[in-house]
Amino acid sequence: MTDYTRSTAAEIAAAIASGETTSVAVTQAHLDRIASVDSAVHAFLEVDAEGALAAARAVDDAFAAGQSLGPLAGVPIAVKDVVVTKGLTTTAGSKILQGWVPPYDATLVTRLRAAGMPILGKTNMDEFAMGSSTEHSAYGPTHNPWDLERIPGGSGGGSSAAVAAFEAPLAIGTDTGGSIRQPAAVTGTVGTKPTYGGVSRYGLIALASSLDQAGPCTRSVLDAALLHAVIGGHDVMDSTSIDAPVPPVVEAATRADVSGMKIGVIKEISGEGFQPGIKKLFDQSVQLLVDRGAEVVEVSCPSFEKGLAAYYLILPSEASSNLAKFDAMRYGLRVGPEGVDSPSAEQVMAATRDAGFGDEVKRRIILGTYALSAGYYDAYYGQAQKVRTLIARDFERAFEQADVLVTPTAPTTAFKLGEKLDDPMAMYLNDVATIPANLAGVPGMSLPNGLADEDGLPSGFQILAPAAKDERLYEVGAALEAALLAQWGGPILDKAPALAGKAGM
Amino acid sequence: MADAVVDYDEALATYDPVMGLEVHVELGTATKMFCGCATGFGAEPNTQVCPVCLGLPGALPVVNATAVESAIRIGLALNCQIAQWCRFARKNYFYPDMPKNFQTSQYDEPIAFEGYLDVELADGSTFRVDIERAHMEEDTGKSLHVGGSTGRIQGAEYSLVDYNRAGIPLIEIVTKPLVGAGERAPEVARAYVAALRDLLKALDVSDVKMEQGSMRCDANVSLMRKDADAFGTRTETKNVNSLRSVERAIRYEISRQAALLNDGHNITQETRHWHEDTGITTSGRPKSDADDYRYFPEPDLVPVAPARERVEELRTTLPEPPAQRRKRLQSDWGYSDLEMRDVINAGALELIEQTVAEGATPAAARKWWTGELARRANVEGRSVDDFGVTPAYIAELDGMVRGGRLNDSMARQVLEGVIDGEGSPTAVADARGLELVQDTGALEAAVDAVIAANGPIADKVREGKLNAAGALIGQVMKEMKGQADAAKARELILAKLTS
Numbered sequence: 001m002t003d004y005t006r007s008t009a010a011e012i013a014a015a016i017a018s019g020e021t022t023s024v025a026v027t028q029a030h031l032d033r034i035a036s037v038d039s040a041v042h043a044f045l046e047v048d049a050e051g052a053l054a055a056a057r058a059v060d061d062a063f064a065a066g067q068s069l070g071p072l073a074g075v076p077i078a079v080k081d082v083v084v085t086k087g088l089t090t091t092a093g094s095k096i097l098q099g100w101v102p103p104y105d106a107t108l109v110t111r112l113r114a115a116g117m118p119i120l121g122k123t124n125m126d127e128f129a130m131g132s133s134t135e136h137s138a139y140g141p142t143h144n145p146w147d148l149e150r151i152p153g154g155s156g157g158g159s160s161a162a163v164a165a166f167e168a169p170l171a172i173g174t175d176t177g178g179s180i181r182q183p184a185a186v187t188g189t190v191g192t193k194p195t196y197g198g199v200s201r202y203g204l205i206a207l208a209s210s211l212d213q214a215g216p217c218t219r220s221v222l223d224a225a226l227l228h229a230v231i232g233g234h235d236v237m238d239s240t241s242i243d244a245p246v247p248p249v250v251e252a253a254t255r256a257d258v259s260g261m262k263i264g265v266i267k268e269i270s271g272e273g274f275q276p277g278i279k280k281l282f283d284q285s286v287q288l289l290v291d292r293g294a295e296v297v298e299v300s301c302p303s304f305e306k307g308l309a310a311y312y313l314i315l316p317s318e319a320s321s322n323l324a325k326f327d328a329m330r331y332g333l334r335v336g337p338e339g340v341d342s343p344s345a346e347q348v349m350a351a352t353r354d355a356g357f358g359d360e361v362k363r364r365i366i367l368g369t370y371a372l373s374a375g376y377y378d379a380y381y382g383q384a385q386k387v388r389t390l391i392a393r394d395f396e397r398a399f400e401q402a403d404v405l406v407t408p409t410a411p412t413t414a415f416k417l418g419e420k421l422d423d424p425m426a427m428y429l430n431d432v433a434t435i436p437a438n439l440a441g442v443p444g445m446s447l448p449n450g451l452a453d454e455d456g457l458p459s460g461f462q463i464l465a466p467a468a469k470d471e472r473l474y475e476v477g478a479a480l481e482a483a484l485l486a487q488w489g490g491p492i493l494d495k496a497p498a499l500a501g502k503a504g505m
Numbered sequence: 001m002a003d004a005v006v007d008y009d010e011a012l013a014t015y016d017p018v019m020g021l022e023v024h025v026e027l028g029t030a031t032k033m034f035c036g037c038a039t040g041f042g043a044e045p046n047t048q049v050c051p052v053c054l055g056l057p058g059a060l061p062v063v064n065a066t067a068v069e070s071a072i073r074i075g076l077a078l079n080c081q082i083a084q085w086c087r088f089a090r091k092n093y094f095y096p097d098m099p100k101n102f103q104t105s106q107y108d109e110p111i112a113f114e115g116y117l118d119v120e121l122a123d124g125s126t127f128r129v130d131i132e133r134a135h136m137e138e139d140t141g142k143s144l145h146v147g148g149s150t151g152r153i154q155g156a157e158y159s160l161v162d163y164n165r166a167g168i169p170l171i172e173i174v175t176k177p178l179v180g181a182g183e184r185a186p187e188v189a190r191a192y193v194a195a196l197r198d199l200l201k202a203l204d205v206s207d208v209k210m211e212q213g214s215m216r217c218d219a220n221v222s223l224m225r226k227d228a229d230a231f232g233t234r235t236e237t238k239n240v241n242s243l244r245s246v247e248r249a250i251r252y253e254i255s256r257q258a259a260l261l262n263d264g265h266n267i268t269q270e271t272r273h274w275h276e277d278t279g280i281t282t283s284g285r286p287k288s289d290a291d292d293y294r295y296f297p298e299p300d301l302v303p304v305a306p307a308r309e310r311v312e313e314l315r316t317t318l319p320e321p322p323a324q325r326r327k328r329l330q331s332d333w334g335y336s337d338l339e340m341r342d343v344i345n346a347g348a349l350e351l352i353e354q355t356v357a358e359g360a361t362p363a364a365a366r367k368w369w370t371g372e373l374a375r376r377a378n379v380e381g382r383s384v385d386d387f388g389v390t391p392a393y394i395a396e397l398d399g400m401v402r403g404g405r406l407n408d409s410m411a412r413q414v415l416e417g418v419i420d421g422e423g424s425p426t427a428v429a430d431a432r433g434l435e436l437v438q439d440t441g442a443l444e445a446a447v448d449a450v451i452a453a454n455g456p457i458a459d460k461v462r463e464g465k466l467n468a469a470g471a472l473i474g475q476v477m478k479e480m481k482g483q484a485d486a487a488k489a490r491e492l493i494l495a496k497l498t499s
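Sequences listed follow chains A and B, in order. Heads up: the first sequence at position 412 corresponds to 412 in full-length UniProt numbering, and the numbers run straight through without jumps. Heads up: the second sequence at position 271 corresponds to 271 in full-length UniProt numbering, and the numbers run straight through without jumps.
In case anyone wonders, no lab produced these hints; they're calculated from the structure. Just so it is clear, CB atoms sit at the ideal spot from N, CA and C, and this is done for glycine as well. Some clues are possibly wrong.
[To be verified] Computed cross-link-like contacts, DSS-like style, restricted to lysine-lysine with a CA-CA straight-line distance of at most 25 Å:
hint, chain 1, residue 1, chain 2, residue 2
1, A, Lys386, B, Lys91
2, B, Lys176, B, Lys142
3, B, Lys287, B, Lys209
4, A, Lys362, B, Lys91
5, A, Lys420, A, Lys279
6, A, Lys267, A, Lys306
[Claimed, not checked] Only part of the chain B face toward chain A is listed, based on derived beta-carbon distances under 7 Å:
hint, residue
7, Pro51
8, Val62
9, Asn101
10, Val302
11, Ser383
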């Protein structure tokens, strides 16, 4: 019997559509896999076996009745816990939302449900998506399936780990500064951040509104394209959503042709200062693209150097405002201050926020409140916005010379849990290559780029495209993926250690 | 406790008042500013809410296009410039009935700016009120504090919050500092708010009901010594909700601040509450210029960039300015200034216009609406609107009088019947058998009988004392149960006695 937990989403969908298996069987197989390995990985905060199986049965019934369904019908999926799901606890990895059951679905969840995709559960994440390691989750860290002592990346470590550990064929992530791409890189999976506005933000608990973008976490480029097509497209509920059809991503992933394409290597993020094994793999992959007919050009994006600094002003500023609603009054946690008989609303609010928010969240709220305050706005937030404009111009100029830009996704492979927890700056540096895309709103993808010589851990290859030209990510990504699979003789995840039996550690 | 005050005239002898008026207007759109929830007044608490206006995690705003167009029309009517491109901003502060703990508003990029409104005062002169800006924002919810004696949060056992109002579109219209009004400052403020109310009503963008809070005024007042060259410290009296209160509150603040300044005290910059019953203001929270709202452009909303052609299209939808319209109607109708003022005070301008359009004479329309109907409404403590009397009915009634079917007192009886729900004036007259007797034979017989029965009075008339005829007319009317045409009766009596 086929173990569908090792299959891609495209394969599963085909098997269900042809009657070779059922959605219930596939969904149950994944629930079993979660039961067997998730106590070791901790990718999930909440598993909804009942809901997932009910949705799977509905798909099977629809197929039995001869209905024609969407291309991913019956394929189960995991959803990052920052995305609100009606009737299913949503916490954004924070204590302050412990036990909150939203009364509505995010638009992308509505689309998943309409596409007949059973939702397995909600995946672990850094609290309110603040972090690069999933160690800032209020519910404990997620472990990297490649080495359970190591981080799975962040903030969407749960989604990528679930996909890497074969607990879910697909997952939804959100990427504010790299939180889809960086976890994909360190777990050996594919992660795509669509163009800003390409997937509705309605129902995403906002971290930084002008940067947040939901996207697919998968094991293949084609799967990412299929999922992108399901969740993407205009939404009247999100005023920043792009009012245009989803770019032809599935066609591009199927075509996978880079002949005649100009690949721009960004001088400032081409591997200098990156882990040597990562730099070496990156250079080899660029050569693979050249072998397939692409032309390589070197481009310069001088403002990227300031991207990290601008990001760490804009993000906390917006976050400080977005998180103000968590005031202990209407939903989530409420804590009374100790030793006070009849506390005021302000005292309850302060006690709740103290108990409900973790250190990283408090750090960023304070930073953002300061950066926006009168007298500092121009020096901090205003300057950061100017840098943002410069970065967008850098991209524009670079895309005049190249169809896509490429970089290693993250500077290092997965580091050990706890290693950088006391050094926020070292943690922030992990996102140096991914952040510019969020500041400029352009799409980006990370795909598995092999294992670094020095530690045998996965590294990622990042592709960036101009805004609204998401299909180029898939065209180039699928071509490189094909070349690498041929070289490796199969998916890189086949080289990961088996997890079964490690449950309970 | 009331503060010390000085006599108003005394205050004005020493100080010049400077005012800044901020008027909040709830727009009468069907849906809220940033979501599709209904905006009806008086619904059960928390029945007109959704994830967006409740500020639930993940929810996003979308701008109500109708509200933007209303804002543009208001801006144009206030002679403002309309922004080519503007944004919403977040005003970050904590407030119990504000679900997101920030208010989506406009800060440095208002939709309309740099305008004016000419305001007519009682003496017929005009005062130009310069408008700084008109910007869009959302209203907050409403708190109800239960268990205390004052309805205030202090002493309450618990508080309830109704979010139905949260997210209703608001326009805030802010004046520039108004200087030079002198002792007429309170009158200018009242006249400005009244003119604004009339204008917004004519634009049909709001129901402008101050008593329901759909229009409210914050009045900033400061005093400057007549020889000073800089403004004094101001206070802001919040949420004044009637025209009369606007005038009284400002007058009070002038007297109160003058008393403090005279005694060598400084004015504290603060918000103040107006108390309708006692006619005083009391201290609210201290407010400084450094209130840090940490404004920044709202990242969840795309900028608003109204197309110039659309702005010009909207300009063509502007109504005739209310002041100009009043002048035109007064001249069309031939009313005296006094009559016109009565009509405006009775709020009967529209009714009269419609009644005249239905065919009544301006004089009759005014007589009925500001006379009989207003009197009765006043006596019964009701509103003229409640009577079920339409302009068409009044025109019909006037037609019956002018056509000779009814006399004045019969017309009044017919109107009673209409108010009592007996139907149209014709139906009431028919049902009650009210009709002037046109049969000259019957009238002549009655006149003859009355002359015969009242010899001494008839003699007086014969002697040339024509006033005495009145008594005979009265008798004829009595004889004919009021259904005689008094003018004809007089004609007949005089013909019989003096020819």
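Hints and how they fare:
Distance hint between lysine 386 of chain A and lysine 91 of chain B is fulfilled; the C-alpha atoms sit about 22 Å from each other, no more than 25 Å. Of the supplied pair hints, the one linking lysine 176 of chain B and lysine 142 of chain B is violated, its CA atoms being roughly 29 Å apart against a limit of 25 Å. Of the supplied pair hints, the one linking lysine 287 of chain B and lysine 209 of chain B is violated, its CA atoms being roughly 28 Å apart against a limit of 25 Å. Of the pairs offered as hints, the one joining lysine 362 of chain A and lysine 91 of chain B holds, with about 21 Å between alpha carbons and a cut-off of 25 Å not exceeded.
Distance check on the hinted pair: lysine 420 of chain A and lysine 279 of chain A sit about 22 Å apart at the alpha-carbon level, within 25 Å; holds. As the CA atoms of lysine 267 of chain A and lysine 306 of chain A are separated by approximately 15 Å, the hinted pair is consistent with the 25 Å bound. For proline 51 of chain B, the interface hint holds, since its Cβ comes within 7 Å of a Cβ in chain A; the closest pair sits about 5 Å apart. Of the supplied interface hints, the one on valine 62 of chain B holds, with its beta-carbon coming within about 5 Å of a beta-carbon of chain A, less than 7 Å.
Among the interface hints, the one on asparagine 101 of chain B holds; its C-beta lies about 4 Å from the nearest C-beta in chain A, closer than the 7 Å criterion. Taking 7 Å as the C-beta contact cut-off toward chain A, the hint placing valine 302 of chain B at the interface holds, the least distance being around 5 Å. The beta carbon of serine 383 of chain B is not positioned within 7 Å of any beta carbon in chain A (closest approach about 40 Å), and the interface hint is therefore violated.
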